Amino acid sequence: MRIALAVAIALFFAAGGPAPGFAEPSKSPPAPASGSPPVETPARPAEAGVAALDLDDPAEPFVPARARTEDDENHIEALGLFAAGRINEQEDRPLEALRRYERASRFDPSSQVARRQAVLTAIRLERWSDALRYAARGDLDVDEAGVLWELGRHFEEQEQYEAALRHFLAARALQTDKHSAGYVLLTREIGRSAFLARQFPEAADAFAELVKALEHPEQHGVDERTRRRISLDGEGASGMAALYLLSAEAFLSADRPDQATAALEKAEAAAPNAAVHAYRVARVEDARHQPAKAFDLLNKYFEAKETGAGLAPYQLLAKVLTDLRREMELVATLEKLHERDTDNPLLSLFLAERYQTGDQFEKAGQLYRGVLANSPTPLAYEGLAVSQHRLKQTAALFDLLADLAGKAGDLDPLGDETAAIAGDVETVGGLLRLARDKHQADADSLGYGARLAMALVALKAGRMDDAAEFFERAIKVNRESAKHVYRVWGTGLLADKHYEAAARIFRRAIDERAIAAEDPTFHYLLSAALVLDDKADEALEAAKHAASLNPRSIVLAGRVAWVAYYAKHYDEARAAY
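Under the numbering used here, the letters of the sequence shown match residues 931 to 1507, in that order.
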């Protein structure tokens, strides 16, 4: 559609006046004042036409100074769409208005007016994804702090922290009273979003301002309600402690140790925990290059047998001892701590890791087994697998893999060690022989977890026939898990570029009804395998069938478009998109 300039201007004024940023139309001359003689307008004979007018110069056609460019045409199109959008808004048809504002913005990306109206209308419709898309393009000419605040909050939820910070700053700039509750609340938002955006000096500045406001609440409009809103992660002391801890992190990251210490003291006063506080202050002393003080503070944490700070205190211990040129004492120090706190899984994991670093795999394995017995974690599974693999403990490794696959449905918790095992021809061969021997001796002794684990290892090792053997056995012993097995099997083949084989597995899953008839999972996966196998028509049929099973799914609709595009059916892809 190409809208003529005259139509665009007519629509524009029909919308109830120009948008901000455009000039007002000229007004008619004012009526004569009361008592003034009337002004007579000579009658114009109907038959006279233009020739009857008394003009100094004859009318000539208008000749533009330059030809209209494509940008000019786009600008005119944008004006018409914008005006139509304004009419839609007056008629209370906001969705149609939004679509026209969006199109206007695409025709004229430099127009802040169209983009602003698109954002405001999207917010009115609570279509936040649309609002954020247009707001993210740059500064908005919006003078409503509440709108900017909401945009910032939604950007933060989407983890777009720089955009969130930009909008919070713009909202605060509209706060004329720097001693108001709104200004203080926005300062908190600025500090948090700046910290998450890793703009630490800006975050520290904001938190310094916030701490000052909390110290003098009466001067900044901070009543009890505002104080509750300022706190993080809940109300009361715990929420304020969380706020001060975040402030301390910002100060520490901005190399402001004195302010960090002060914030930590406030956090400790709000929610006391002497041991964890000692660790936090130790971090500050480390930043001040005071390793001896940091070491003494860490010992207070360890003596309390505290685990609340995770593995970080042990990592800091290793750094501090290195700074003190006592790095050779690390393992001995950890062993002494472990003797006094044998039930501490974090200490056990860290010490086991140090043992592995020193090729003491037997000692590491004992610690990992102890952790798995009481509190199974991915780190313990991975660590024990590393130890057993390095020690050539094939039977023990087999049991570990079987246990993990049975519980998790995969070997993902092993991280890179799965690839290391699969790349070891001797180990893979030993594991498969052990599995077959068990199955031959007593088929029931080879459980589902063991069968699935061997299939996954073989698949990772590129031994497709062996993988198929154990996937079949896994399905045979546990039909309820057929959907999971077929998906893992097929996607593994797909990732390894065995497209035809992957398609066979997905078709088999559909034919055997491993899923409910209305479940699009395997039709969706089948479409990918087929299109990558250069079977475009079949792939498109599978993608369309998947989309028909869930017409509201954007993901499934997108797969139809992607398959059509990949197959170079561009018209169909364009229509699908």
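Honestly, the hints are just simulated from the structure, not real lab data. Predicted, not measured: the structure shown is a model, and the values here were computed from it. Careful, some of the hints might be misleading.
[Claimed, not checked] In silico BS3-like cross-links for lysine-lysine, where the CA-CA straight-line distance does not exceed 27 angstroms:
id, residue 1, residue 2
1, Lys1390, Lys1337
2, Lys1142, Lys1108
3, Lys1427, Lys1465
4, Lys1337, Lys1368
5, Lys1337, Lys1293
6, Lys1249, Lys1266
7, Lys1249, Lys1235
8, Lys1368, Lys1406
9, Lys1235, Lys1266
10, Lys1322, Lys1368
11, Lys1266, Lys1230
12, Lys1142, Lys1196
13, Lys1322, Lys1293
14, Lys1390, Lys1406
15, Lys1337, Lys1322
16, Lys1223, Lys1249
Hint by hint, here is what the structure shows:
Distance restraint check for Lys1390 and Lys1337: the Cα-Cα separation of roughly 19 angstroms lies within the 27 angstroms cut-off, and the hinted pair is therefore satisfied. The straight-line distance between the Cα atoms of Lys1142 and Lys1108 is roughly 12 angstroms, inside the 27 angstroms bound, and the hint therefore holds. Simply put, Lys1427 and Lys1465 have alpha-carbon atoms about 15 angstroms apart, close enough for the 27 angstroms limit, and the pair holds. For a cut-off of 27 angstroms, the pair hint linking Lys1337 to Lys1368 stands: about 20 angstroms separates their Cα positions.
Between the alpha carbons of Lys1337 and Lys1293 the distance comes to roughly 26 angstroms, so the proposed pair stays at or under 27 angstroms and holds. Simply put, Lys1249 and Lys1266 have alpha-carbon atoms about 18 angstroms apart, close enough for the 27 angstroms limit, and the pair holds. Under the criterion of a C-alpha separation no larger than 27 angstroms, the hint pairing Lys1249 with Lys1235 is consistent with the structure, at around 20 angstroms. Proximity of Lys1368 to Lys1406 is assessed by CA-CA distance (about 16 angstroms); at most 27 angstroms being required, the pair is judged to hold.
Taking the CA atoms of Lys1235 and Lys1266, the gap is near 13 angstroms; set against the 27 angstroms cutoff, the hint holds. For the proposed pair Lys1322 and Lys1368, the alpha carbon gap of about 19 angstroms is at most 27 angstroms, so the pair holds. A C-alpha spacing of about 14 angstroms is found between Lys1266 and Lys1230, which places the hinted pair at or below 27 angstroms, so the restraint holds. Annotation: proposed proximity of Lys1142 to Lys1196 holds, straight-line Cα distance about 12 angstroms (limit 27 angstroms).
For the hint linking Lys1322 to Lys1293, the alpha-carbon distance of about 15 angstroms falls within 27 angstroms, and the restraint holds. Distance hint between Lys1390 and Lys1406 is fulfilled; the C-alpha atoms sit about 21 angstroms from each other, no more than 27 angstroms. At roughly 24 angstroms between alpha-carbon atoms, Lys1337 and Lys1322 fall within 27 angstroms of each other, so this suggested pair holds. Taken as a hint, the Lys1223 and Lys1249 pair is honoured in the structure, with Cα atoms around 13 angstroms apart against an allowance of 27 angstroms.
Checked against the numbered hints listed earlier, the structure breaks none of them; every hint is satisfied.
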